[in-house]
Structures are given as structure tokens and as C-alpha cells.
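As given, the protein sequences belong to chains A and B, one line each in that order. Counting in my numbering, the first sequence runs from 1 upward without gaps. Counting in my numbering, the second sequence runs from 1001 upward without gaps.
Source of the hints: derived by calculation from the structure; they are not laboratory data. Relax, there's no trap hidden among the hints.
Simulated pairs of lysine to aspartate or glutamate, DMTMM-like, Cα-Cα distance not exceeding 25 Å:
1. B:Lys-1213 x B:Asp-1229
2. B:Lys-1224 x B:Glu-1081
3. A:Lys-51 x A:Asp-193
4. A:Lys-91 x B:Asp-1355
5. B:Lys-1213 x B:Glu-1081
6. A:Lys-107 x B:Glu-1357
7. A:Lys-109 x A:Glu-219
8. A:Lys-107 x B:Asp-1355
9. B:Lys-1160 x B:Asp-1135
10. A:Lys-109 x B:Glu-1357
11. A:Lys-51 x A:Glu-157
12. B:Lys-1171 x B:Asp-1119
13. A:Lys-183 x A:Glu-219
14. B:Lys-1175 x B:Asp-1119
15. A:Lys-183 x A:Glu-157
16. A:Lys-109 x B:Asp-1355
17. A:Lys-91 x B:Glu-1357
18. B:Lys-1213 x B:Glu-1085
19. A:Lys-166 x A:Asp-187
20. A:Lys-55 x B:Glu-1357
21. B:Lys-1467 x B:Asp-1479
A few chain B residues that don't get close to chain A, going by computed Cβ distances all over 12 Å:
22. Thr-1169
23. Gly-1248
24. Ile-1297
25. Gln-1374
26. Leu-1412
27. Val-1442
28. Asp-1473
Label pairs and their computed distance ranges (CB to CB):
29. B:Phe-1375 x A:Leu-184: 54 to 62 Å
30. A:Asn-203 x B:Gln-1374: 54 to 62 Å
31. A:Asp-222 x B:Phe-1375: 31 to 39 Å
32. A:Ser-103 x B:Ile-1295: 30 to 38 Å
Yeah, the Cβ is synthetic: ideal placement off N, Cα and C, and Gly gets one too.
One letter stands for each residue in the lines below.
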Amino acid sequence: MKSIIHLIMAAPIITIAPLIFLLMSLTGCGEIKNNNRAVYLLLDTSGTYSKELSKAQLIMNYLLATLDSGDSIAIARIDSGSFSEKDIIVKATFDQRPSTANSQKRKFKETLDGFVKTMSRGSNHTDISGGLLQAAEYLYETGAAEKHVLIFSDLEEDLVKGHIRKFDLPLDGIHVSALNVTKLRSDNVDPRDYLKRLEQWQNRIQEGGGEWRVINDLERLDNLIVQR
Amino acid sequence: MNIDLLTLWSEQPGISLLVWLIILIVIMYCGRKQAHQVLYSTGRAFYSVMRLFSKALGKMEQQLTERNRDILLAAGADNLERAIEREFVRVNTVISRDLGAYPALHRQISDAIDKIEKDYQEATDSPPLPPAWLDAVESIAAIPRSGDPAVCKILKNIHKTVESAYRETEKEFQKNTLERHRLLGGLQPMWRSMTQTMNKVKGKIDNLDERSKHIDQHMDNYEKMRAGDQDIMRVLAASSLTQFFISGLVLIVAILGGLINFQLIAMPMSEMVGGTSYIGSLKTSDIAALVIILIEIAMGLFLMESLRITRLFPIIGSMDDTMRKRMLIITFVILTILASIEASLAYMRDLLAMDREALNQSLAGGATGVVEAQFRWIPSIGQMIMGFILPFALAFVAIPLESFIHSTRTVLGMIFVTVLRVIAIVARLSGSFINHLSKMLVSAYDLIIMIPLTLEKLIVSQQSAYKKKREEDLLYQHDNEPYRVEKLSGNVTEEKA
Chain A
1 MKSIIHLIMA APIITIAPLI FLLMSLTGCG EIKNNNRAVY LLLDTSGTYS KELSKAQLIM
61 NYLLATLDSG DSIAIARIDS GSFSEKDIIV KATFDQRPST ANSQKRKFKE TLDGFVKTMS
121 RGSNHTDISG GLLQAAEYLY ETGAAEKHVL IFSDLEEDLV KGHIRKFDLP LDGIHVSALN
181 VTKLRSDNVD PRDYLKRLEQ WQNRIQEGGG EWRVINDLER LDNLIVQR
Chain B
1001 MNIDLLTLWS EQPGISLLVW LIILIVIMYC GRKQAHQVLY STGRAFYSVM RLFSKALGKM
1061 EQQLTERNRD ILLAAGADNL ERAIEREFVR VNTVISRDLG AYPALHRQIS DAIDKIEKDY
1121 QEATDSPPLP PAWLDAVESI AAIPRSGDPA VCKILKNIHK TVESAYRETE KEFQKNTLER
1181 HRLLGGLQPM WRSMTQTMNK VKGKIDNLDE RSKHIDQHMD NYEKMRAGDQ DIMRVLAASS
1241 LTQFFISGLV LIVAILGGLI NFQLIAMPMS EMVGGTSYIG SLKTSDIAAL VIILIEIAMG
1301 LFLMESLRIT RLFPIIGSMD DTMRKRMLII TFVILTILAS IEASLAYMRD LLAMDREALN
1361 QSLAGGATGV VEAQFRWIPS IGQMIMGFIL PFALAFVAIP LESFIHSTRT VLGMIFVTVL
1421 RVIAIVARLS GSFINHLSKM LVSAYDLIIM IPLTLEKLIV SQQSAYKKKR EEDLLYQHDN
1481 EPYRVEKLSG NVTEEKA
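Build the full structure now, drawing on both the sequences and the hints.
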């Protein structure tokens, strides 16, 4: 039965392929538009925030449902030193064929679910800037037309002594969105700390050439990435 | 700047304005003649230009009307030619199918008539002749018996013989009569058969007669068309408009069908050409799906042309029959292949939709894997059938397309004629309006400078009154002192010299 289905699926490909090839070669001189999107999701795994990770699965599901063939996605953790490829948990560029892209999405979901399950203890420090640098590097490499960095964190940066991160981040043309920015205990004492923290990050992102936004209610993710 | 000008002559704006007004009036008065000329000539020129333009448009409209008439006539003649051709084909069919066997039928009728004639002749009622010796017997029987027993016996014997001869003759006659009745009885079915055959022939001849009446009617219309009969032209124009709307409606339906077809194959196309490449702002897969649909429509056009249903490509219609049949087969095969591809694409679409649905369910936290509903196969089969049928349905687009193209020519012609007529009327009206406006402006101009004009009028009237008075004085003096007049005229002559 499966072979029959495969045969049925292959029949049009065999027959139409020459026609499409002709069409492609005829229209090859025209402008080929790049509409691809790339998303880099940074997950804060520091001690104070690691219990929020289950919510990250919601974001991932939203992303997988929104992204299409040709789009890229990567999920990385924020730990003591995030400027490293090792921190990328899972990444994928979805295949041009929708059926293969669906398989990739399933595999992607399994990998992240496994990570969340096996995540036992959080990191001691929080290197958000390093994560952003890594994200920018990845996004520029994909060459996508639309680049997004999603930071799932409380935005409280806590660097290891000696790490230097006080410089302009190269985020030109990247949309940076802070998700689920939780309030710390100290924020409750003086809410100005929270506002100041958000303002500092906004300034930093905008100085780097990026666009900044904050979405705390995960039910309002609809407009995060425009669905095609 | 404006304020400076307003206070140029005085600090008081009112006074300054008055000075400006006076200057304006003086200037306008000085340039009155020239201004009048400019206004008059402009109005007149515009009027002439518009009149010429209107005339040119009228001529164009006339040409366009004639062109429309030619197109209408050509279209009508084409339709009539087709109708006449169709009638002739029908006549040909009737003749070849029914009257082709007429010689055999004629032979059959002729045989039947011969047989009837023969049987009829055989059935002629001819009474049996008495034997030749009966006269002699009658003569002997007439001899007086005179009581002679021998003679009586002889005569009795003769009488018996005669009676037996008559009885035999009567029997023979009855036998012959029965035979004749049998023969005449046998003629009845033959007559019936003859009547039926003749009725059939009559039916066929009536059919032919009917067809010939249709042909006559078409030929009459054709003649009227050639003669440019106005009634026929009106009928043709109305028919063209009707065709335009009906074919337009059918084309809209076909476009909707094409869109449904497009939806069926656009998504699975991305499996072949990829879902990420774009040409301009359109997905390559969408363009590929569109191209397939357009190819199907093109194949449909060629198929209809090969069948001689439409006449959009005269080169196909004028091909010899063998080539045309080959083309017919080729286009039909290509169309069938495309229809099969669409059917499989439609099935693939269903599979992809199911896969996507399953993924979305798993992302939403539901059960993983493909959902197998009980009647899931029904929409799958339905989509496949639609994918197979729609290309053939689209093939018939050629028929309304041809009507639409032909009727659009005449309808567009009519619209252009109307537009030209309206523009011509507007041009003529605007020309007249500008002409009148120029006259109104001249009057308005004079209205502004009415004070100097009134003054001028007063001066002129005074001058003329003075002149008149002087002439009267001169006449009076002439009456009283003729010699002074002569002297004065002499002075004038001298002055002139």
C-alpha cells in the first residue's frame, strides 16, 4: 500500500518535472525573491528561571506551526558562557518539500521535549549578551530575509567574573523579542529596577541596530511572526 | 508682497486699492480694442477647433460604425454559413442513410407491383365455357320425343350427361373462384407493405422538404444580410450583445472552476518545485500550478479546434482530415495525462493535509500520528475525481471563449461608437459655450470700464452734436451766403491739395 502511495506521489513528479524545469529555466532570469525567515530562541536555564522552561515548549510549538519550508530555527540555552555553538540545543532549516519539513518539525519537537525533561539543574550565571552574539551570528549565516531573536528570560544578566560583554551588539536588521520577562523578588520591592532593566536592554538592542519588543503574555504570540 | 502693493499709493489700503482700480480701469480702457479682439478671436478659434474636432470624431464614429457593421455582417454570415452547412450535412445524412437505399426500395416496390399485377391477372373472374359438344346435344335434345321410348332413353341419357357436365363445370368454377379469392387474399399484406413503404418514403421526403425550407429561410436571411437589411442588422446586434453576456457569464463560471482547480494542485506542487522559491512576489509552485491549468485550457482549445467546434485557429480547421484526427488524438491524450496528473496531485494534497493536520495536533498536545477517520476516503476520492474531471471541463472553455471574443469585438465597437458620439457632442457644446463665454467676457470687460466708456460716449455724443450743429450752421450760411460756402469749399480743396 505504501509503495502504491509513493508511486502515486512520484508519478506527477516524473511527468511534470520536465515541464517545471522548462518553466524554471525560462523564468530563471527573473528576480528570485528571498522570503525566508530565521528564528533563534534563547532559553534561560539559570537557577531562578529554569522552572519556567515548560512554557518555552508553548513558544516552540507556536514557532513550529508558524514556520514553513525554507525557514530556519535554532533553540539555544543561556548559561554561564553562552557565546558558544555547544549551547545550541537543536537547529534546523526546513526542507523545501512540505512533507519533509513536517518530519523535521516532529524530530525537532522530540529533541526539545527531551531536553526539557532531562534538564535537572540550572546554570550558575546568565550570559544573555553572549547568547545574543551567538544568535546574531547564526541568523546572519542563514541569510534569511526576516531575522528574529526570542529571549525567554527574566533579562537579569549575571556574568562570570572576567567575561567582557560591554560593547555594542551587532544586531542590524534583527527583531529581538523578550518573552515572559518575569519579575524578580527585588523588582517587587522596587519596580523601578524592572523598568530600568527593560530600558537598558531596549537601549542596547536599539544601539546595536535591532528592533525591540516585550511580550509577557504568551497567549499573545499571534503577531510575533507573521504567518504566510 | 501683497500688502506692500496694497499700500503702495497710500497708507490707507482703501485709497491705495482705489488708485489701483483706477489704474486698472485706465489700462483696461486703453487696451479695450485689443482685449476685445483677443477675447473674440479666442472664443471663435476655440469654437472652430471644437467644431472641427467634433466633425473629425463624427467621421471616426461613422468609420467605426461601418467597421462594426462589417464585423456584424461577417459574424452573422459566418453563423449562417455554419447553419446552412449543418443543414446540408443533415440533408446529406438523410439522403445517404435513407434515400441511399432508394434503388433497392424502388426494385422492391416494382417487384411488389409486378407480383400484384400478375396475381390480379390470375385472379380474373372468367366463367368456365360449356363443352363444345353441348350445342349438338342441345340440338338433339330439341328433337320431339314423339313417344318413342328409345329416343326418350337416349334423351334422358343426354340430359344426365349434360347435367353432369354442368355440375363438373360448376365445380371447376367454384374451385377457380376459391383459388382467385386465395390469390386476392394474398394481395392484402402486399398492399399493406406497399403502403408502409410508401409512408416511409413520404416521411423521408417530408423531412427533406422541411430541411429545404430551413435552408431557404437561411438563404433568405443571407440575402438580406448581403443587402444590408436594417432589421437583420438589429437582430445581429442584439444577438451579439446576448452572446457577450452569456459567454461572459459562462467564462466567469469557468474562471471559478479554474480557481478551484488551482487550489487543488497549488499545495502539492510545492512538493515538486519547493515551497520556498519565489518569482517576483509569487511562489514558483503557484506559477507552476497556474501553468498546468493554462496548458490544459490550451489543449482544450486545440481539441475543440480539431473537432471543428470552434474556429479560433483557422490553420487547424483547414488541416486535412488525417492530420486533424492526429492532432485530435494527441491533444486528447495530453489532456488525459494532465487530468491524471491532477488527480494524483489532488490525492497528494489530501495526504499532505492529513500530515499537516497530524503535526498540528501533536504540536497542540494531542495524539500523535495520522488521524484515520472512518469516512476519510470519501473526500480523498472526491478530490481525485475533481482533479480528473476539471481539466476536461475546462477544455470546453473554448466554446464560450470564442463567442466572447467574437461578441466583444462588436460590443467594444458599439461602446467606442457611443463614447465617440458623446465626446463629439461634448466638444461641440464646449466650443459653443466658450464662444458665448468670450462674448460674455467682452460684456463683462466693458462693465468694468463702464465709467470711462460712459464718459467717452458723452464726449462723442457732444462732439457729434457739435458737429451736427456746425453742419446745420454751415447749411444755414450756405442758404444765406452761397459765395462763402464756395469760398470755404475752395479752402478745403486747397487744404486737401
